[in-house]
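K.L.:
Protein chains in written order, with the working numbering: chain A, 12 to 280; chain B, 3 to 576.
Simulated from the structure, these hints should not be mistaken for lab results.
There are no misleading hints in this set.
Restraint ranges, calculated between C-beta atoms of paired labels, are given here:
hint, chain 1, residue 1, chain 2, residue 2, range
1, A, Glu176, B, Ile515, 48 to 56 Å
2, A, Ala154, B, Val128, 36 to 44 Å
3, A, Val98, B, Phe382, 29 to 37 Å
4, A, Ala154, B, Leu500, 39 to 47 Å
5, B, Pro308, A, Pro191, 33 to 41 Å
6, B, Arg20, A, Gly40, 20 to 28 Å
7, B, Thr99, A, Pro219, 29 to 37 Å
8, A, Pro191, B, Arg293, 29 to 37 Å
EDC-like mimics (lysine to aspartate or glutamate), calculated; alpha carbons at most 16 Å apart, straight line:
hint, chain 1, residue 1, chain 2, residue 2
9, B, Lys292, A, Glu115
10, A, Lys198, A, Glu147
11, B, Lys397, A, Asp109
12, B, Lys397, A, Glu115
13, A, Lys153, A, Glu115
14, B, Lys397, A, Glu110
15, A, Lys153, A, Glu136
16, B, Lys292, A, Glu158
17, A, Lys99, B, Asp564
18, B, Lys307, A, Glu152
19, A, Lys153, A, Glu121
The beta-carbon is built from N, C-alpha and C at its ideal position, and this holds for glycine as well.
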Amino acid sequence: MPPTDTSPDDRPAPVPPALEVVSLEKAYGAVKAVQGLTFQVAPGEVLGLVGPNGAGKTSTLRCLAGILPVSSGRVVVGGHDVAVEPVKAKRALAFLPDEPRLFEYLTVWEHLNFVARLYGVEGWEDKARALLSEMELVGKEKALPGELSRGMKQKLSIACGFLHEPRLILLDEPLTGLDPLGIRRMKASLRKRAEQGAALVLSSHLLPLVEELCHRILVITGGRAVALGSLAEIRAQLSGAEAGSASLEELFIRITRSGGEERPEPPAV
Amino acid sequence: MSFPRAVAFLWWASLRNRVRRQLQRLRQPKYLVGLVVGGAYLYAIVLRRLSFQRATEELPPGARMVAELSLGGMLMLSLVSAWALGQDRPALTFSETEVQQLFAAPISRRGLLHYKLARGLFGAAVAAFFTTIFIGRVVSPHPVLFFLGATVALGTVNLHVTAASFVRTRLARLGWPGVALRWGVLLGLFAAFGLAVYVSILAHPLPEDTGQRGALEAWFSGLLEQPALRVALWPGRALVALPMAGGAGDFLQALPLALGLFVAHYVWVAALIVPFEEAVVVRAEQVARKRGQRVARVGHIVMRKPFFRLGSLGRPEVALMWKNLIAARRLGGTEIILILGLLGLAAPVGAAFFAPEAVPIVRQTMAGIFLALAAMFTVFGPVSLRSDLRMDLPKLDMLRAMPLTGRQVVAAEVLALGLLLGILEAGLLVLAIGLVAGAPGRWGIELWVAGGLGVLPVLPALSVGGVLVQNAAVVLFPAWLPANGERARGIEAMGQRLLTLAGALVVLMGGLIPAAIVAGLVGFALYGLLGLWALPFAGLTAAAGLAFEVALGLVALGRAFDRMDVSSEGPGAA
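Build out the structure end to end from the sequences listed, making use of the hints.
P.N.:
See the structure below:
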């Protein structure tokens with residue numbers, strides 16, 4: 012059963028959030044890319060981040076990962092403020108960008124070795140083998156990134172991200188470049204991490220994927236949150252006769268086209 | 003809109019937007035300062051060269067003939083290489099963007115060819131411009147005529163290269179008979195050229211008394227006028243006749259032949275056009291792949307084992323050092339020290355076999371060479387080896403996502419390369435001292451060893467300092483560095499590079515002076531007590547001073563790295 016159909020009571024019991032974002036703002040000079048974002052993600056929860064191009068999704072993810080300093084507001088990962096305790100916060104998270112960033116001169120296995128040392132992963136070799144098997148990269152251990160296809164690079168990037176068993180996984184278009192079988196496996200893999208207690212923030216333009224995987228959805232446009240909640244909650248918040256049966260795609264179009272006129276109530280945390 | 007008009011629009015809009023963007027960038031002081039410095043450099047180096055008249059008047063007699071022959075020879079070499087080198091496929095290069103945008107558009111093959119030929123002519127004009135600035139000053143008193151003539155000549159060579167590639171493609175389709183035909187004709191032409199030279203020398207032999215002033219020049223001039231050699235050199239002479247014209251009259255006289263050759267080549271290319279799309283796509287992919295490697299700041303990768311095994315527990319920044327050492331090993335060819343070491347040993351061993359009396363001088367010479375190499379690694383190593391933050395520049399966001407403090411990142415990036423350079427330099431010094439140990443020469447073994455031990459800690463410390471300065475530029479002024487692996491273009495970018503280089507030198511010298519003063523004081527104080535053996539203590543003091551400065555620098559840079567906003571300052575930032 013898709014998670015979007017679950018009622019709020021079926022969701023994981025309230026526990027300290029894996030991610031807490033308070034009044035997040037990010038500006039590039041005079042341009043405000045992100046404005047006043049406030050939300051939480053609980054362990055085991057999958058939050059979908061959707062919005063039109065240029066809405067501020069990638070800026071938001073990069074702020075959450077500690078790559079970009081926030082202009083104002085607070086980001087707390089696993090109880091650690093990213094601005095105050097960046098190293099502890101980063102130890103608890105993994106950021107998987109849409110374009111896999113790999114070192115061209117390290118082999119597949121050396122990438123995993125490198126990440127294991129960075130995060131101090133004990134018994135990393137067994138975990139690495141399991142991940143390579145899960146990502147269908149067995150036999151590619153000695154390959155350089157230049158010898159891998161786009162999809163394989165993406166899988167290696169994901170394997171590196173999963174190796175230290177992060178409590179928060181930030182994914183920016185994670186299925187780019189994967190074949191249909193790879194997409195199916197990746198979805199199962201993400202579900203498995205959520206079931207094991209990791210919180211996931213998934214940014215994607217593939218709305219059926221978001222609808223299928225995510226417990227809650229955060230819609231942002233112009234850097235502002237315009238909807239936050241489960242699909243059912245967003246439907247309920249939207250006025251209009253058709254809202255009751257609308258798909259995420261239809262809701263997305265209505266929310267982002269309305270320019271704020273037909274928005275649901277201000278997003279709840 | 004017709005294709006020619008679309009192309010004209012594309013070129014005009016690209017040029018206009020580029021200039022507009024460069025002008026907009028000048029609002030930022032760093033680009034404005036870069037423009038001022040780059041402009042001053044250009045004026046000093048290039049524009050002052052445009053005083054053609056004076057330069058040509060100073061040209062010694064006969065030099066013009068040599069210049070004419072050299073230019074003609076170079077053009078003829080281009081023609082020959084078009085037939086003898088490279089692959090049997092159309093020599094047309096399109097970018098991946100051009101392939102995507104133009105090949106799918108309703109444009110005929112001939113239209114695409116004309117597009118490429120027009121670009122080739124534009125490229126010839128640009129090349130002619132720079133040739134005029136750098137060579138034309140020496141060989142011609144008429145810069146405008148030289149530029150126009152060089153444009154026609156280089157354009158003709160460009161057309162010839164394209165035509166040759168079309169002919170080779172057609173011959174290759176015939177299989178081995180085609181290849182045999184091409185090489186048969188080429189070898190026949192080579193033989194004819196050799197015969198022409200031989201016959202001309204027979205007819206016009208070298209005078210017995212060549213020591214007389216101008217005798218050799220007169221003989222060479224006469225040789226070139228021999229009928230056989232005149233025929234053999236005609237293509238080169240015909241090409242350079244226009245740019246080398248002595249005046250407007252000469253230019254107009256040479257113009258019909260030059261333009262005739264140009265038009266004949268165009269007709270040749272247009273008549274022999276072959277399907278080039280497949281070759282162009284392959285070539286575009288190759289160019290894109292090379293560009294990708296440039297973007298990633300990596301060159302050719304040779305698989306070699308890591309220097310050491312990386313455990314999963316321990317200080318995390320060691321992972322970064324491990325990674326960078328692997329990069330240096332696989333990209334940089336650090337085996338050079340091994341080769342140098344073998345050479346250092348082989349030379350005295352060889353001398354011992356064949357000339358035993360020369361062994362001491364050979365050992366001293368090799369020691370001197372190793373010392374010079376160690377000094378070269380110290381000065382140029384930090385600039386030329388780049389397996390540090392400069393290499394990781396396109397991945398700054400990835401570094402920022404790692405669970406490391408800025409100080410850990412900067413220290414690991416700097417120390418990996420510094421350590422490698424230090425080991426190389428120490429190895430070279432030890433080799434040098436070892437070589438002179440048995441043959442110290444007039445300096446004496448004590449000076450060699452004491453001096454060597456004095457320098458031993460200083461060179462690695464200097465290298466680490468040099469690497470730190472290079473990395474400081476990445477952290478403090480990332481936007482000054484070329485974005486996305488591309489060479490930044492424009493006068494302001496050139497000025498920025500000059501400023502960066504000068505700044506690095508000033509900072510390095512500034513750091514060296516305090517350490518040198520303290521080391522000098524220590525050395526002076528201990529000299530009375532220890533004599534030459536004060537040198538190692540002075541060296542240690544200097545190295546300690548430098549190490550202290552490097553440590554302070556690492557802390558400061560680490561803080562700057564933590565505060566750095568990769569979105570607004572990093573490469574690729576708008």
